[in-house]
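There are 2 protein chains.
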Amino acid sequence: MIVIKVGGSEGIDLAAVCRDVAALWKEGQRLVLVHGGSHRTNEVATLLGHPPQFVTSVSGFTSRRTDRETLRIFEMVYCGEVNKGIVEMLQAEGANAIGLSGLDGRLLEGTRKEAIKIIENGRRRVLRDDYTGTVERVNIGLLNLLLDHGYLPVVTPPAISTNHEAINVDGDRAAAMIATAMGAEALIILSNVPGLLRQFPDESTLIRHIDPQRVEEAMAHAEGRMKMKVLGAIEALQQGVGKVIFGDGRIEHPVRAALAGQGTVIG
Amino acid sequence: MIVIKVGGSEGIDLAAVCRDVAALWKEGQRLVLVHGGSHRTNEVATLLGHPPQFVTSVSGFTSRRTDRETLRIFEMVYCGEVNKGIVEMLQAEGANAIGLSGLDGRLLEGTRKEAIKIIENGRRRVLRDDYTGTVERVNIGLLNLLLDHGYLPVVTPPAISTNHEAINVDGDRAAAMIATAMGAEALIILSNVPGLLRQFPDESTLIRHIDPQRVEEAMAHAEGRMKMKVLGAIEALQQGVGKVIFGDGRIEHPVRAALAGQGTVIG
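Line by line, the protein sequences give chains A and B.
Numbering of the first sequence is given in my numbering, commencing with residue 1 and proceeding in unit increments.
Numbering of the second sequence is given in my numbering, commencing with residue 1 and proceeding in unit increments.
No lab work stands behind these hints: they were computed from the structure.
There is no bait here: all hints are sound.
No copy is singled out in the list; a pair is fine if it fits within one copy or between any two copies.
Listed below are the simulated DMTMM-like cross-link pairs for lysine to aspartate or glutamate, each with C-alpha atoms no more than 25 Å apart in a straight line:
hint, residue 1, residue 2
1, Lys227, Asp67
2, Lys26, Glu109
3, Lys26, Glu165
4, Lys113, Glu93
5, Lys117, Glu235
6, Lys243, Glu136
Please build the complete structure, drawing on both the sequences and the hints.
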């Protein structure tokens, strides 16, 4: 069992990811594909007159400001355009994919943050109308039901809150939760860089291996969105996932390359 | 087993539909909900600078001009905004809904029309870059798998072609195909009128009952999009569905009202 997360940043070759995923699937590899859609959401939100905003929490994490209108656009892109585009490509490659958001069958359940403490122009502020949260429970019964019957699950945020609201959750950490809950041998996180970089964005500073005992040191190297990725990796390793690989989503055979050790291997 | 189709036209009260569907579901009624999204697709397509176009076939049916860009917007609205909005509302009402397009698990499979003969400004023309078709096969294995495990399927176009392309299909006829394949006792089609009208749009001319032996006569009364609805009803009745009811989707308890005989009952 492996979990593959492909990001939604510019430069990622989704068609190549789908070809590779479908080929592995047809060889009998049990897997779940998780995807993002951030770059395209920014474009569509701008076109629809509700441009994206990002907030930085007091603990230094950057996340999308998700009011109810943003959530609607988020669902259009993640669950509509991107998810169905991936399902169509996988179907064309002969893998019987089913796209699901975290709302569907309460696949990804979590708690909505009632209040988000952010830093804005150097000052603290509290947001109370934001729909974000963290995945706490994965409906593995549903994933196993589909896998056992020959379907390839393609999973996307949003998740569903314990209070039944759609909530924006970080895709990397959702993938890490799925890998943990499914007891995956490997979690592969594909983005638009070759892996974890010592000096972002200098690709020649790729970190090839991180000792799981010293993974927190890696957090020192992580910047911006990469912080979330490393946080997800730590969580997954601590809870029994065999290894986490940060791979390059811009190349041909991105999953096989990552499984062969290209990128940053933690574990 | 009943199949409920709720249209995507203006005026339909989706929240009321979801309350009614969830209540029936919790009473143990086995059901599949199918939905549209046409009105909202028109709005979003216009906002995104790709305004909707409609074409009339030589046989007199009106349908959405679906080039590849329209298909993408169609998926954003039907599979993203509308489908996930409905799933969220059903979850809030305590029904464990799962949203699926026809692409997912090849739920709705059909043939793409290679060429569409249309009438434009009084002249015949052939479209070859349109992604439309008709549902020919329903993956009832997937629907029964989900139903047997306590999930309420919420189904939306597009379908998938035999050549693995997403295709725009008429939602009413897709619902009729699902009802037929599932051997449903009833197919309920909710729209923004009280039922089939003798003189559209005069709601006082509601036809209360149509004899299934004389259903083709009803086609004479059907206009525009209603033609598709009647065509779907004929297909479903001919293939064993118990009855078809055209009900009002603007009222409270729209499904119970239809089941109680309000609207146009055929069968």
